[in-house]
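K.L.:
So the chains spell out like this:
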Amino acid sequence: MTQPVSPTRKQQDGPVVTTTRTPAGQGAWRALGLRLDVRNLSLLGVLAVLVAVGGFTKPEQFLDSSNLQLVLTQASVIGVVTVGMTFVITSGGIDLSVGAIVALASVWATTLATQEYGFAGILFTAVVVGLACGLVNGLLIAYGGMVPFIATLAMLASARGLALQITDGKTQIVTVESVLDLGIPDSYVLGIPPLVLVFAVVTVVGWLLLNRTTFGRRTVAVGGNAEAARLAGIDVRRQRLYLYLLSGLCCGIAAFLLVVLSGSGQNTNGNLYELDAIAAAIIGGTLLSGGRGTIVGSVLGVLVFTTITNIFALNNLQSDVQQIAKGAIIVAAVLVQRRTARDGET
Amino acid sequence: MPETSRRGLLFGTAAVSAGALLTACTSNEPKTKGTAADNQPAAPDDKPGKKVTIGFAGPQADHGWLNAINENAKSRAEKYSEVTLEITEGSNDTAAQIGQVQTLINKKVDVLVILPADGKALTQVGLQAMKAGIPVINLDRIFASPQAYRCWIGGDNYGMGLNAGNYIGEQLKGKPNAKVVELAGLDNLELTKQRSQGFADALKNYPNVKRVARQAADFTVESGQAKMAQLLQAQKQFDALWNHDDDQGVGALRAIQQAGRDDFLMVGGAGAKAAMDAIKADNSVLKATVLYPPTMAASAIDLARALGQGKGVGGMAELEIPASITLYSAVVTKDNVDEYLPTGFS
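For the protein sequence lines, the chains are A and B, in the order given. Residues 1406 to 1751 in the numbering used here are what the first sequence spells out, letter by letter. Residues 1424 to 1769 in the numbering used here are what the second sequence spells out, letter by letter.
If you're looking for bench data, these hints aren't it; they were derived computationally from the structure. Quantities reported herein were computed from a predicted structural model and do not represent experimental measurements. It is possible that part of the hints are untrue.
With a straight-line Cα cutoff of 16 Å, these simulated EDC-like cross-link-like pairs (lysine to aspartate or glutamate) come out [claimed, not checked]: (1) B:K1596 <-> B:D1662; (2) B:K1497 <-> B:D1516; (3) B:K1659 <-> A:D1725; (4) B:K1659 <-> A:E1465; (5) B:K1616 <-> A:D1725; (6) B:K1473 <-> B:E1505; (7) B:K1659 <-> B:D1685; (8) B:K1596 <-> B:E1509; (9) B:K1531 <-> B:E1509.
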């Protein structure tokens, strides 16, 4: 998308120097960078307001490096899931099975049999289970012709059922020291928890993949207009398969992080992650109808939700108030986003 | 002596104060796998009497406690050669569970034991069974009408909170301005409100103790870790913590470990094996747990058998079984953990 546009801008650059107020020039400028920035800025604004509220109500506990560690750690599991979800939504799809895949992967990775293989066994199992579920999703959607909503809904049900069957409703406690150690302060690198490092790496890789590679441009093209993408020579089916694989991979990584964080595997893990991930991606500025996605926005969306939870907990407000506020913030953020989007187009 | 142990559950006060007496009855191999019912001899009058078919309908065993309920019921029924147990597939869906109970009615079982997914919603089918001449033992979640059951047996949520509060109050006696934190369970369940109410009422007995914060998790390890991490950040110093549920307690303990805190005492709830192991090992902040005993399912089978054979329960003068039995929420500490360990569920 970007490549065909940038030459036209360069061509215009010559005349634009003399007639600086050409609307076309401004429009192109906006379309390229500014519009995304404005959208992210509005979310940054929300985050700034939240930080101000937190700093004002509970200065001692909120403005504290340990609290920053806490917020980022709590954001890392759902954050990794959201990065994968952003790709799927950008391509015009949806993945309702992310929470169930996280549950299944975390449970599978913590059975007594898996734990015998130690750190590598747990990590390997989590990632492979995530990938396998993503593969099934991808095949059903890309080659089986199923609607993503239905295919991933089916995966949600089956994966949760399988997770329950594996655990038999029991909580599986992890006893592998090397895994548990990753979650405690001794393992922090320069004060950064390993979980947050993984989240950061996934975010950067995701950003590069979406914005700087053919894979990313194909994803946007498929989401914008699948038929046009096909006519332009993109193998739309294979692209879709890869995208659900990617989402499954993210779920596998998230499941491993969750095992480290909670020191256990339980079939109730990842409860309603699908909604949290979709909500974060949408308020971040990714279009639910596809064709536009932003990793930075998604990560900001996750941070907004985690920060709200943090501020509410620090102020000892109860979960009912928290849920109401969460709903209100989704509505507000999407309204702001619609406004900026409309301004950008006219 | 087995009826002593059962009476211990019925007359809970004795269970706590006469811990030493009870040890004699249940102290055999605390490490053996299996449920409490496995380790307890069957009721004393177990000369195989009249044949009894008991129908058992429960919710889906999707977490440790409900799983233990099923296991307790099954292993208790196996103790009696004349008892046949017809156990249905567990379901959380009201309509499905009604169908299952109706099937059991049509099969003309002698006695029904029902643990409803939702007590109010299953009242009608309870009435139906009673009208068809099949006595119903209502397990734990109570029906809306006493006409729908012959006998109700269940746990005491208010009592759980009360005993947890009193135990903490006693431990903090003489400590000025003692601070207590509460990690509650799923807030939209009535039982959580009852537990919190009991806890608050008990703390009123101790003017030096004040509850400074309360957050609600949702019975999962993941939520326990997340909410506890926030509570620890919010409260830099406190003296005691009551956690409603040992399943989420696994996550809470993980958060405490991650925050490197050990400046307070923690009391759990429900009585999971992992929690009891930790209490016995005495190497964490967890010093006690308040029971919500799943052995109630084994007792329900005893009651159903007595009903089917037209006799009362051993150890009581009554000719009939009682109409209502509320179990005692004993406090398990290091001193009496050995006798309760066999009842711990995973």
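K.L.:
Has the given pair, B:K1659 with A:D1725, been kept, meaning a C-alpha gap of at most 16 Å?
P.N.:
25 Å, violated
K.L.:
Sort out whether B:D1662 lies within 16 Å of B:K1596, counting only the CA atoms.
P.N.:
Measuring from Cα to Cα gives roughly 11 Å; hence the hint holds.
K.L.:
Would you check the hint for B:K1596 and B:E1509, treating anything up to 16 Å between C-alpha atoms as holding?
P.N.:
50 Å, violated
K.L.:
When you check the alpha-carbon spacing of B:K1659 and A:E1465, does it fall within 16 Å?
P.N.:
10 Å, holds
K.L.:
If you draw a straight line from the CA of B:K1531 to the CA of B:E1509, is it 16 Å or shorter?
P.N.:
Holds, because 11 Å separates the two Cα atoms, which is no more than 16 Å.
K.L.:
CA of B:K1616 to CA of A:D1725, is that 16 Å or under?
P.N.:
13 Å, holds
K.L.:
Tell me if the straight-line CA distance from B:K1659 to B:D1685 falls inside 16 Å.
P.N.:
11 Å, holds
K.L.:
Does the structure keep B:K1473 and B:E1505 at a Cα separation of 16 Å or less?
P.N.:
Between B:K1473 and B:E1505 the Cα gap is close to 7 Å, so the pair holds against 16 Å.
K.L.:
Verify the proposed pairing of B:K1497 with B:D1516, using a straight-line Cα cut of 16 Å.
P.N.:
Judged against 16 Å, a Cα distance of about 22 Å means the pair is violated.
In the structure shown, a violation is registered for the earlier hints numbered 2, 3, 8, in ascending order.
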